[in-house]
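Colleague: Here are the chains, one letter per residue:
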Amino acid sequence: MTTSMTTSTTTSTTNSTTAKLLSYPLNAWYPAGWDHEITSKGIISRTIAGRPLALYRTQDGHPVALADACWHRLAPLSQGKLMGRDEIQCPYHGLRYNSAGRCTAMPAQETLNPSATVASYPVSERYRYVWVWLGDPTLADPALLPDMHQLESDEWAGDGETIHAPCNYQLVLDNLMDLTHEEFVHSSSIGQEELSESEFEVTHDENTVTVTRWMRNIDAPPFWLKNMRDRFPGFEGKVDRWQIIHYTFPSTICIDVGVAEAGTGAPEGDRSRGVNGYVMNTISPETDRSCHYFWAFMRNYRLESQLITTQLRNGVHGVFGEDEAMLQAQQAAIDANPDHEFYNLNIDMGGMWVRRLLERALEAEGRSIAARAPAPAASSKA
Amino acid sequence: MITSRDDVWQKADVIAVDEVADRIRRIVLRPELPRPALPGEHIDVLATVNGEPQVRSYSVVEAPDNGGQLVITVFRTPESRGGSEFMHSLEQGQVLRITKPLQNFPLRVGAPSYVLLAGGIGITAIAGMAALLRRLGADYRLVYVARSRAAMAYLDDLAAVHGDRFEAHIDDEGGSLDVQALVAGVPVHTELYMCGPIRLMDAVRRTWADRGLDRTNLRYETFGNSGWFDAEPFVVRIPRLGVEAAVGSGESMLEALEREGVDMMSDCRKGECGLCQVKVLGLAGRIDHRDVFYSDRQKASDSSMCCCVSRAVTAAPPTTSGDRPAVLTIEVP
Ligand code: FES
Ligand code: FES
Ligand SMILES: [Fe+2]
Numbered sequence: 001m002t003t004s005m006t007t008s009t010t011t012s013t014t015n016s017t018t019a020k021l022l023s024y025p026l027n028a029w030y031p032a033g034w035d036h037e038i039t040s041k042g043i044i045s046r047t048i049a050g051r052p053l054a055l056y057r058t059q060d061g062h063p064v065a066l067a068d069a070c071w072h073r074l075a076p077l078s079q080g081k082l083m084g085r086d087e088i089q090c091p092y093h094g095l096r097y098n099s100a101g102r103c104t105a106m107p108a109q110e111t112l113n114p115s116a117t118v119a120s121y122p123v124s125e126r127y128r129y130v131w132v133w134l135g136d137p138t139l140a141d142p143a144l145l146p147d148m149h150q151l152e153s154d155e156w157a158g159d160g161e162t163i164h165a166p167c168n169y170q171l172v173l174d175n176l177m178d179l180t181h182e183e184f185v186h187s188s189s190i191g192q193e194e195l196s197e198s199e200f201e202v203t204h205d206e207n208t209v210t211v212t213r214w215m216r217n218i219d220a221p222p223f224w225l226k227n228m229r230d231r232f233p234g235f236e237g238k239v240d241r242w243q244i245i246h247y248t249f250p251s252t253i254c255i256d257v258g259v260a261e262a263g264t265g266a267p268e269g270d271r272s273r274g275v276n277g278y279v280m281n282t283i284s285p286e287t288d289r290s291c292h293y294f295w296a297f298m299r300n301y302r303l304e305s306q307l308i309t310t311q312l313r314n315g316v317h318g319v320f321g322e323d324e325a326m327l328q329a330q331q332a333a334i335d336a337n338p339d340h341e342f343y344n345l346n347i348d349m350g351g352m353w354v355r356r357l358l359e360r361a362l363e364a365e366g367r368s369i370a371a372r373a374p375a376p377a378a379s380s381k382a
Numbered sequence: 383m384i385t386s387r388d389d390v391w392q393k394a395d396v397i398a399v400d401e402v403a404d405r406i407r408r409i410v411l412r413p414e415l416p417r418p419a420l421p422g423e424h425i426d427v428l429a430t431v432n433g434e435p436q437v438r439s440y441s442v443v444e445a446p447d448n449g450g451q452l453v454i455t456v457f458r459t460p461e462s463r464g465g466s467e468f469m470h471s472l473e474q475g476q477v478l479r480i481t482k483p484l485q486n487f488p489l490r491v492g493a494p495s496y497v498l499l500a501g502g503i504g505i506t507a508i509a510g511m512a513a514l515l516r517r518l519g520a521d522y523r524l525v526y527v528a529r530s531r532a533a534m535a536y537l538d539d540l541a542a543v544h545g546d547r548f549e550a551h552i553d554d555e556g557g558s559l560d561v562q563a564l565v566a567g568v569p570v571h572t573e574l575y576m577c578g579p580i581r582l583m584d585a586v587r588r589t590w591a592d593r594g595l596d597r598t599n600l601r602y603e604t605f606g607n608s609g610w611f612d613a614e615p616f617v618v619r620i621p622r623l624g625v626e627a628a629v630g631s632g633e634s635m636l637e638a639l640e641r642e643g644v645d646m647m648s649d650c651r652k653g654e655c656g657l658c659q660v661k662v663l664g665l666a667g668r669i670d671h672r673d674v675f676y677s678d679r680q681k682a683s684d685s686s687m688c689c690c691v692s693r694a695v696t697a698a699p700p701t702t703s704g705d706r707p708a709v710l711t712i713e714v715p
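Protein chains in written order, with the working numbering: chain A, 1 to 382; chain Y, 383 to 715.
Chain A extracted, bound-state conformation:
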């Protein structure tokens, strides 16, 4: 096997660490939830990047992310009530806050204590997600949102789900940056030996990493054969298969995947005899050992078919369930072997560039690269 690598920027090279529990940058947009999860009817409680949040919408539909702890005695606001145009009432002693996190009512006195506020984090709604910025609010520029336009484009159809993954978010990034694991983890659906036998190319810039792999003239694995036949009924024969993994800082990975009838020019840019999907993945660290993994599978053919949308969502649900089981087992093994280190293979090239970008961001924020949380008790829940 051979690999080739090109780098499109030159920066002084440092050795990346392989911290087993990577810390997360805070000056970044993280998905807080699907647009439909966050409503003006109720409040959801979710921890993003170590910050417990109370998420809701104002009556005019603007999403709000408040710190989920009342200024007074820290009762969780997410267990309170929505009131008026944009307010939330603490479930304990009834203090009320508006969407800016400012107290609007203190039931037991005639005035408001001017210090009574809870943090209200910048939010942005795009690509079917509500995003939140937990770091320096003066840097929260919506132009920094990763490109996930397939999620809200007329030219793509699909749907997705959320996995609450019991592992450090970086393990999910590693998983998605190297798809040779498909041969072993997903052998019944998308795996095949050509994955680990074929060349791949890695490029990066300050904000993105791309891993490209083409497998030519191979048999389509079951998942892809089905997709080909959805578009080209009765399809038989060899295919050219591609996986182009696009990572964007801090934790979004959109994978351009597909197969086309072998030799019809797909590697050169003509995908007309093939089927194309986009696996949209964006991950929010929750704690040092857990994350919210939002995914969707989008396709650009047979847009009218809800049947195909449902089949693909269910199919990917099954595939990602296999990843989830591996990630959980991996995190447990990491915790059970505190004296052991990570070693690298050439297949980790993409994942290591992702680490490099995350480490640079952590350094710029003056934060340590390794999360320092102690390992949980050995009998953590299954």
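Keep in mind the hints are simulated off the structure, nothing from the lab. Bear in mind that the values here come from a model prediction, so they are computed numbers and not experimental data. Virtual Cβ for every residue (Gly too), placed ideally from N, Cα, C. Misleading hints may appear alongside valid ones.
[As the list claims (entries may be wrong)] The calculated label-pair distances, taken between Cβ atoms and stated as ranges, are:
#, chain 1, residue 1, chain 2, residue 2, range
1, A, M83, Y, H571, 51 to 59 Å
2, A, H93, Y, R531, 43 to 51 Å
3, A, H93, Y, V570, 25 to 33 Å
4, Y, S677, A, H62, 29 to 37 Å
Got chain A sorted already, so can you dock chain Y with the ligands onto it with the hints?
Modeller: Positioned in the frame of chain A, the structure of chain Y with the ligands alone reads:
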């Protein structure tokens, strides 16, 4: 809230001291554990007052070098509670105990427009906000008022940096601020941040309410050290406990009662929380309510008061009779 957490305290070296205006010193500290500071943040400092450690709060005016330095600015009042006097005795090379920067007065990013209003030494809480809004290209006005030019720290610097967005109103130069006009002129969703003497802040608060503006867009920080009258000595009695204390002009009633051994409850010590309230049983003189806890209605009734900041005075205007102090008779919880 006075923080009870030990982990926020650290040592800091005094690395420079400068007199930047009349009785106003700029003190540059180098904290042991640097951390960037946000506008509106303050540090608590352990001052030594009459040989006792006492906590005082000072706004962080700037925090250059990513918080490697913390600049505070301290005004020494004649009726100081002793803290500012201690701060003015500091010299380069001394070591202080301070907290990390703490936030009670956050600036919200993203308002359509801002007015920043500073009265006198209140500029220390406001200057950093102005610097940030300028950096963000926000729509803001910086209004700085004081009795006299000599008492205005950073006046020239602010005027130079903020240009057209800056205005100064100086009482003894005939330029007093017209609060009505200021509030009447702000666009509806403006956020106004202010720090200054209670009289100024009260006038703004009333005008703001009269105009029907959203009260949560009026943000302020108080340090509880200014009133409607000059501080003067008075006497406080608690008949049930047989206590009588003389409250000096440089201390609070709460401090005087604590000194007398009365078991008092308090928290913020700046007139916000209401934990230090005492019932007024009798009064010879009048009460100078300096808190923001009671409503105007409650203050007018004089039935109770926040003893951490509010005081008794003989009458308005300050008299010269002098030798007959106001007397308060109270009950404590
Ligand atoms: S804890 Fe929320 S009002 Fe008391
Ligand atoms: S101690 Fe908070 S108002 Fe007096
Ligand atoms: Fe996988």
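Colleague: In this structure, is the beta-carbon distance linking H93 of chain A and V570 of chain Y contained in 25 to 33 Å?
Modeller: Taking Cβ atoms as reference, H93 of chain A and V570 of chain Y lie about 31 Å apart, which means the hint holds.
Colleague: Is 29 to 37 Å a correct range for the gap between the Cβ atoms of S677 of chain Y and H62 of chain A?
Modeller: This hint holds: roughly 32 Å between Cβ atoms.
Colleague: Does the Cβ-Cβ separation between M83 of chain A and H571 of chain Y fall within 51 to 59 Å?
Modeller: Once the Cβ atoms are compared, 21 Å apart, the range 51 to 59 Å for H571 of chain Y and M83 of chain A is violated.
Colleague: Do the Cβ positions of H93 of chain A and R531 of chain Y conform to the proposed distance bound of 43 to 51 Å?
Modeller: holds (47 Å)
Violated hint: 1 only; the structure is consistent with all others.
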